[in-house]
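S.K.: So the chains spell out like this:
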Amino acid sequence: MNTKDIAIKVENVTKSFKLFYDKPSTLKERLIFWNKKKAEEHTVLENVSLDIKKGETVALIGINGSGKSTLLKLMTKIIYPTKGKITTNGKLTSLLELGAGFHPDFTGRENIYFNAAIFGLTKQEIDKRLNTIIEFSELGEFIDSPVRTYSSGMYMRLAFSVAINVDAEILLIDEILGVGDQHFQEKCFAKLEELRDSDKTIVIVSHSLDSLKKLCKRAIWICDGKVKLDGKVEEVFKKYLDTFK
Amino acid sequence: MKLFKDLYAYRELLKNNVKKDVRGKYKGSFLGVLWTFMNPLLMTLVYAIVFPHLMKSATYEHYTTFLIIGILAWNWFGQCISQGTYSVLGNGGIIKKVYFPREILPISVVTSGLINYLITLVIIAIFLICSGIGFNICMVWLPLIIVTQYFLTLGIIFITSALNVYARDLEYFVSFFTQMLFYATPILYSIEIFGESKIASIIRLNPMTAIINSYRDVLYWGNIPHVKSLLVVLGFSLLLCYIGLLIFRKLSKGFAEEV
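Residue numbers (this note's numbering), protein chains in the order written: chain A, 1 to 245; chain B, 1001 to 1259.
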């Protein structure tokens, strides 16, 4: 397979966190307790390798604490692997946590600029998308009110609208299919379907298997930090659900 | 090289951060951006009243003008050091959520400091006019001095902001150290009062000394600055920036886990 067709390449990645019972955060503590080996190594991902092709929509499933979110965070380069290598190919946006960089005292419109800038968009690019974003958020005239006056639903709608309209080639989504009311959720879902049918690469972590089944063809099941199964959505889900019986 | 490419791609973020800093800092306060002027002015007022009584030898013509030139430059430096040291830790929320070149955080602190300083140059101009000192041709050196201070500050906070994530009391140490350094920099006095004594040679080791002296040379005395020492400081600052960047890069991989 040509390397150009690969959007995300994960090679033998291991990620372990140090767990401190009593984390030293000041210099004094670091100096005094330097020899207290209180840290416990906790391996979240162990020797994971996988390729995700361009244009694929992949579901990541697994029980809580299995390492799905860690894997997504590694892909976005928020954290770095202890061992191994991750390469991504193309502009990447993560919808891990929405509303990063929102400043409560500024208006929704201004915050669109702040938020989109964090995703690496320039002013012209944001200008071009501004109307689409505002329309998608359905905030109407509230777009010119400070964000601190928003309800939590409005806040999330605005955040989601920015993130989904960034036009990245790779989208990493973590458990956000439950944004807003029924109407907005359906709209988001339709948008995701539209993105899937274009040439975008999407990786989704979620527990709502029904939605995933409609969106994805491929599923990867992560269990105890390892890839347990990787294949067609129906087969993986079936085996996954069997473990709960 | 990759840094410049990254910074260029994320220039909007840098611009927004600076805008937020400059404009958002005093949002909700009564006098707003006027505080940019008020703070150093009040400081100058206090020193102008108190200091001549403490040091009889420190009698300069137009002492307030003499003071404000040093204080404004120092203000930029001191505030950037304390804000900059906290810049990574203070943005922990965003660092945990999104990827962006982390270098933007300290860079935007220094840059918004620069813009604030440029705004306060208006005050200096007013003082120069009112005191009758006026303007002179040597002011063409001003940009070089400003650039030197910019890189010196940036180099320092690359290092302190990254280290502060791992040892949080650095910020208290830094704030004490900058306060001490304030007195070890010829701001309230000029270095000549120490003659060629040991104290003078110690004070000369402080890179801010050459910078403040240069500001005063071009603005107050109307002289060409001591170019050699200014260039030495510039060279040192660029080197510090480079080393600072390497340290910052190395440590930035752990930011999301440590903040």
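Rather than coming from a laboratory, the hints here were simulated on the basis of the structure.
Among these hints, one or two may not hold up.
Said to hold, decoys possible - Straight-line C-alpha distance at most 16 angstroms; calculated EDC-like pairs for lysine to aspartate or glutamate:
hint: 1; chain 1: A; residue 1: K77; chain 2: A; residue 2: D174
hint: 2; chain 1: A; residue 1: K18; chain 2: A; residue 2: D51
hint: 3; chain 1: A; residue 1: K28; chain 2: B; residue 2: D1006
hint: 4; chain 1: A; residue 1: K77; chain 2: B; residue 2: E1257
hint: 5; chain 1: A; residue 1: K77; chain 2: A; residue 2: D105
hint: 6; chain 1: A; residue 1: K18; chain 2: B; residue 2: E1257
hint: 7; chain 1: B; residue 1: K1019; chain 2: A; residue 2: E110
hint: 8; chain 1: A; residue 1: K91; chain 2: A; residue 2: E125
hint: 9; chain 1: A; residue 1: K91; chain 2: B; residue 2: E1192
hint: 10; chain 1: B; residue 1: K1020; chain 2: A; residue 2: E186
hint: 11; chain 1: B; residue 1: K1096; chain 2: A; residue 2: E97
hint: 12; chain 1: A; residue 1: K28; chain 2: B; residue 2: E1257
hint: 13; chain 1: B; residue 1: K1097; chain 2: B; residue 2: E1257
hint: 14; chain 1: A; residue 1: K77; chain 2: B; residue 2: E1171
hint: 15; chain 1: B; residue 1: K1015; chain 2: A; residue 2: E110
hint: 16; chain 1: A; residue 1: K18; chain 2: B; residue 2: D1006
S.K.: A separate judgement is required for each hint: does it hold in the structure or not?
M.R.: How the hints compare with the structure:
1. About 15 angstroms separates the Cα atoms of K77(A) and D174(A), which keeps this hinted pair within 16 angstroms; it holds.
2. As the CA atoms of K18(A) and D51(A) are separated by approximately 28 angstroms, the hinted pair breaks the 16 angstroms bound.
3. Of the pairs offered as hints, the one joining K28(A) and D1006(B) is violated, with about 36 angstroms between alpha carbons and a cut-off of 16 angstroms exceeded.
4. Taking the CA atoms of K77(A) and E1257(B), the gap is near 12 angstroms; set against the 16 angstroms cutoff, the hint holds.
5. Between K77(A) and D105(A) the CA atoms are separated by roughly 29 angstroms; this puts the pair beyond 16 angstroms, and the hint is violated.
6. Taking the CA atoms of K18(A) and E1257(B), the gap is near 9 angstroms; set against the 16 angstroms cutoff, the hint holds.
7. For the suggested pair K1019(B) and E110(A), the alpha carbons sit about 11 angstroms apart, so the restraint of at most 16 angstroms is met.
8. Among the hinted pairs, K91(A) with E125(A) is consistent with the structure: their alpha-carbon atoms are about 14 angstroms apart, no more than 16 angstroms.
9. Restraint check: the Cα-Cα separation between K91(A) and E1192(B) comes to about 57 angstroms, which exceeds 16 angstroms; the hinted pair is violated.
10. Under the criterion of a C-alpha separation no larger than 16 angstroms, the hint pairing K1020(B) with E186(A) is inconsistent with the structure, at around 35 angstroms.
11. Annotation: proposed proximity of K1096(B) to E97(A) holds, straight-line Cα distance about 9 angstroms (limit 16 angstroms).
12. Straight-line distance between C-alpha atoms of K28(A) and E1257(B) comes to about 20 angstroms, which puts the hinted pair past the 16 angstroms bound.
13. Straight-line distance between C-alpha atoms of K1097(B) and E1257(B) comes to about 11 angstroms, which keeps the hinted pair within the 16 angstroms bound.
14. For the given pair, K77(A) sits about 27 angstroms from E1171(B) by alpha-carbon distance, which is inconsistent with the 16 angstroms threshold.
15. For the given pair, K1015(B) sits about 13 angstroms from E110(A) by alpha-carbon distance, which is consistent with the 16 angstroms threshold.
16. Among the hinted pairs, K18(A) with D1006(B) is inconsistent with the structure: their alpha-carbon atoms are about 30 angstroms apart, more than 16 angstroms.
The structure does not agree with the numbered hints 2, 3, 5, 9, 10, 12, 14 and 16 stated previously, though it agrees with the rest.
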